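Residue numbers (UniProt numbering), protein chains in the order written: chain A, 1 to 721; chain B, 1 to 721.
Be careful, since some hints might not be right.
Since copy identity is lost for identical chains, a pair holds within one copy or between any two.
In silico DMTMM-like links for lysine to aspartate or glutamate, alpha-carbon gap of 20 Å or less [what the hints assert, rightly or not]:
no., residue 1, residue 2
1, K679, E645
2, K679, D691
3, K291, D204
4, K655, E678
What the hints contain is simulated information worked out from the structure, not anything from laboratory work.
Source: prediction; values computed, not measured.
Number of protein chains: 2
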Amino acid sequence: MFSSSSSLTLSQAILTRSTPRHHHQHHLSPPSLSLRRRRHLSISASVQTPPKPSTTDSSLIDKSVNTIRFLAIDAVEKANSGHPGLPMGCAPMGHVLYDEVMRYNPNNPYWFNRDRFVLSAGHGCMLHYALLHLAGYDSVKEEDLKQFRQWESKTPGHPENFETPGIEVTTGPLGQGIANAVGLALAEKHLAARFNKPDCEIVDHYTYSILGDGCQMEGIANEACSLAGHWGLGKLIAFYDDNHISIDGDTEIAFTENVEQRFEALGWHVIWVKNGNNGYDEIRSAIKEAKAVKDKPTLIKVTTTIGFGSPNKANSYSVHGSALGAKEVDATRQNLGWPYEPFHVPEDVKQHWSRHTPEGAELEAEWNTKFAQYEKKYPEEAAELKSIITGELPAGWEKALPTYTPESPADATRNLSQQNLNALAKVLPGFLGGSADLASSNMTLMKTFGDFQKNTPEERNIRFGVREHGMGAICNGIAHHSPGFIPYCATFFVFTDYMRAAIRISALSQAGVIYVMTHDSIGLGEDGPTHQPIEHLASFRAMPNVFMFRPADGNETAGAYRVAVLNKKTPSILALSRQKLPHLPGTSIEAVEKGGYIVSDNSSGNKPDLILMGTGSELEIASKAAEELRKEGKAVRVVSFVSWELYAAQSAEYKESVLPSSVTARVSIEAGSTFGWEKFVGPKGKAIGIDRFGASAPAGKIYKEFGLTAEAVVAAAKAVC
Amino acid sequence: MFSSSSSLTLSQAILTRSTPRHHHQHHLSPPSLSLRRRRHLSISASVQTPPKPSTTDSSLIDKSVNTIRFLAIDAVEKANSGHPGLPMGCAPMGHVLYDEVMRYNPNNPYWFNRDRFVLSAGHGCMLHYALLHLAGYDSVKEEDLKQFRQWESKTPGHPENFETPGIEVTTGPLGQGIANAVGLALAEKHLAARFNKPDCEIVDHYTYSILGDGCQMEGIANEACSLAGHWGLGKLIAFYDDNHISIDGDTEIAFTENVEQRFEALGWHVIWVKNGNNGYDEIRSAIKEAKAVKDKPTLIKVTTTIGFGSPNKANSYSVHGSALGAKEVDATRQNLGWPYEPFHVPEDVKQHWSRHTPEGAELEAEWNTKFAQYEKKYPEEAAELKSIITGELPAGWEKALPTYTPESPADATRNLSQQNLNALAKVLPGFLGGSADLASSNMTLMKTFGDFQKNTPEERNIRFGVREHGMGAICNGIAHHSPGFIPYCATFFVFTDYMRAAIRISALSQAGVIYVMTHDSIGLGEDGPTHQPIEHLASFRAMPNVFMFRPADGNETAGAYRVAVLNKKTPSILALSRQKLPHLPGTSIEAVEKGGYIVSDNSSGNKPDLILMGTGSELEIASKAAEELRKEGKAVRVVSFVSWELYAAQSAEYKESVLPSSVTARVSIEAGSTFGWEKFVGPKGKAIGIDRFGASAPAGKIYKEFGLTAEAVVAAAKAVC
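Input sequences plus hints: build the corresponding full structure.
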């Protein structure tokens, strides 16, 4: 399930990947980069490309744009499922971005310094697949387009970074993508400030995103965009596909706010492209203007017609999320003058786009040369940056983790967590993060660093404000920027409810975000039931690809961080106590990776009279109860279930050694819902927990009233024995 | 656990409650109401009250405001826990609201036509408790203030409507309160449009709210406020406590957007009160201006000093969430010239506030008279309105529920749900709701009604736009406006992740919202893993006070609606299929209230060879497998677990009759996480489910690839038998 090597995605290591591509460079016409750069800033409709200048007239661009439209139409039609409307409307901006503006290498989708593109309106993914196909990405060949939305295809129903190289993040749930884009742009700004030198700009890319009306309505988008404005992410350029249509009809029925004014209020530069359907020059000059504004992110509102070209369905919700139908496909072919078979890319369009493969290789090669020079001049910085780019963990990093003995002073696991965060900050170059306005409660400040802010972007403490959902999605973006980033974020455990959609995308998209979730139970006391998690442990134990840790003391906290850092493809949630806990004999950093293990035992032959189980702050209670029962002559085993997921991955033999099936006298205690504990306590055991909401009172009083005491465990043990 | 009578909160019935208060009216100086009304609009600092005009000079107001401040300081100090900063800063606006502006009856906190107040910044609840105390509410007496944040007190750490009469909704999780306030204001606008007559304005109240920087940062607040602007909720007046401090320090570090401009963009009227610390006249005239703007909600930005009066802690985060400490309390007493003992309310302040009890009784009595006239003139409307006010369900409403037989055409439960919604819309006057831009997918439109919009607020289909979180919280507000409201809201089941914090508050605050959640599994097919719920059933089964229904067909869908409508204090979530399902022999509307029940069985003597269990779309698969196995001579029972919570509430005898402990051969099938099924299948059984993320492909293909088939059930059954 995890190993230290799993954290290194070799395919993402620049130096290894770029080497085999070098031979491509020899095919390149030399001036591509500088020409491309000039082109970015051009407002002329005529786009000059080295191989075939004659092919860049505006009719070819129309043809390219229509190719994108029909690839989307045809794929949705063949699948009889999908969303043709957005690709048809956004094809022009998509074309300008991928053909004229963006810098990328189709042969290495993971090239570090590439421009990032996020389709926040992920349902329109056929736009992105069509663009990747035209640009020459191996991941989206014609047969992949024909397999749109089919079992195990590279072209699933929404963009999934883990399925399709060239897709940066996983979108579809609205608003997530633009927040990811904020994270990607933050990562660029941070790395640029940290590593660029006056004589060598080694980090330098833009982040582009397309979002629709749906994304704009979602609160998460406002949270993330407010932060983007606050941070002055000048290299974030977002296109707002303003098509006036959402699933329920005209946006008039639910969305009449002034989006431009709102974004200005959020500190963005705002541009309006009135003709997004074929105003290529307008789109180009908007991008030029956006790039010229360096201290603010830019929103380019592009007014488009959803389903552009469909004579009977354009500008209606019916084109949003269903195939056009054979008849309307024909009518659209007629209307746009498209005589070709489904999935056909006309030869001149193909040729026009073909330059991106050699040019991309050239871009990467040029950057590699630059990096080699950088490495010579600045070996230390280069080593740090390389670690972030490749995800390779520095040798011996684990030694930085603090260790504890039973004699160490009792402490809250949130404080012990802070010791770990500070230790890791010193050894992991890509470690950064912060809290949703609870840094002093979550104990998440790294003492060796200042605040990441507009004018101090090289720092690593991120101040997210009270924006949990945006925070989670921004961290997903950071994690997906480069394999060596290990972002963490924090709030009270109960407020994972605010960011659950982002946490789920961490899990699905394999973003190794670390969620530092303090105040993990009724143990927080007086704030009461609105602040006391009950069902949250169970709710994450049921979620795929998440490590839900509830460490009991210092060593378990360090052990949880160790597993979290080692597993870059699985997010970790640490539920941490507000209240002080003793360091228990029998816990260890290493044992955490088993998920469940024996903490203490006075039985022999794997035949205890009784097994007591607990997690986090209740492991102490279980241990106390065991002491009592042992005094009475019982052979009692105490088991910590610090991570159910890791335990589930152990062998049947190991599990039998921890929970022998012959021992049915079992009691668990955890200050949360008992839901799911039946698995461990079995039909004859007893699960002590909380199957109601909490209460406002001092923590000790609630524990007592709710029956979470050693006495209750002893009584339950006697009842089940 | 539920009964039809539980849905009627008798204490909330206006007519019964108002009667015993009538004798108070005789003590009233007659002109109180008209005087009060004039006062609302007065910008003079001098507030005249009938009993003691001389007590209304500004020094008395200062004294009243300081009383509020010190009640908060003293309660937090005694508890050594809580948030004194906000009450100290917001005491002036609190005073003006409760003493001069708001119309309420302390002796009947549930009087229907009262102005509503929501403290969205719920951590500052001592402000609200102090105001309720001064205003004469029984629920907050001096001894209650002294029990602040203690076990079973009426003054918990955050405002809880179910603990403290006078508190409208449950706040604390930031942003929820302002969204609840939008729901309360929507409810008023809807009822006023529906029931007011040119000669009788029977519904007429304002909704006030105080929100802080934290609420402003939360995405949910932007969602709800965008809708409030869209709907033109002119009687919603929100105070933004602009104090520049959040927990992590100055808001400068994370929150530099232009809030006023954002709210203007959202369609609000915005006013800035520059001196919130003692600018009473500014506050008064802002409220006057806000009331004059009838087509827009108003945001009054009130610049205050957090912890006003504390010489060493004011204007710092240290006063936000901790007791001042004895020394600083003394210093603050010195500074504000407060010679009194803790919890003391000076006699003149007490006397000044004492008029609210008789005046409130007068207000209610006057309204009751008005209602009696209304009832005479408009008996039908009055009966409807009364049903909404009292929560009494119309006799025989259950007969409206559709019923089905195995011969009824197979259909998706989302469509069957729509039949129920339309049936209930006809018989339940307080039934209203809508979808987050998925009405045509969730099948939630009520055909007999139009859209609730700015200019058609009497209609009942609510268009929430893509704002799931705001939608949930707005529905909580509607539910808490009047006991007869039954709001429903809808999106895809997976997007409960976006609104989970609001659903949790439904559960905690006992808001009987109905969550219509369609596309409930991999059965939605091509949209893929971002859209396919896996862990969601388990995550809600673990949440207290929620009914998590997964109906299998028409009768179970109707049965789920029946339980949902009958249980106003428990929210219900209905997980509904996108795909068609047959109507199974053996299901019934009535059986649903048992939560788990036998659908079919060919055994005798409660001794089947095997028990197959399922929910929703997989009950059909379990039934098919049972047929196969019966053909092979097995005695097989099929059990539907449509609601685990309802099953858990059944007697041990009933449970033994469904799942006899002697039968350990048990197989469950559900297209979701197997987490929690161990409880029913036991250690010797087998749970078939999905413990990974879904996939993008046609639904049938995914079911087959994931092993959710009758063949797999048969094979598992043979393995466990």
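Hints, verified against the model:
For a Cα distance limit of 20 Å, the shortest separation of K679 from E645 qualifies both inside one copy, at 13 Å, and across copies, at 18 Å. Taking CA atoms no more than 20 Å apart as the test, K679 paired with D691 passes in both settings, with 17 Å inside one copy and 15 Å between copies. With identical chains, the CA atoms of K291 and D204 are at most 20 Å apart within one copy only, with a shortest distance of 12 Å there and 52 Å across copies. Taking the shortest alpha-carbon separations for K655 and E678, both the intra-copy value of 16 Å and the inter-copy value of 16 Å come in at or below 20 Å.
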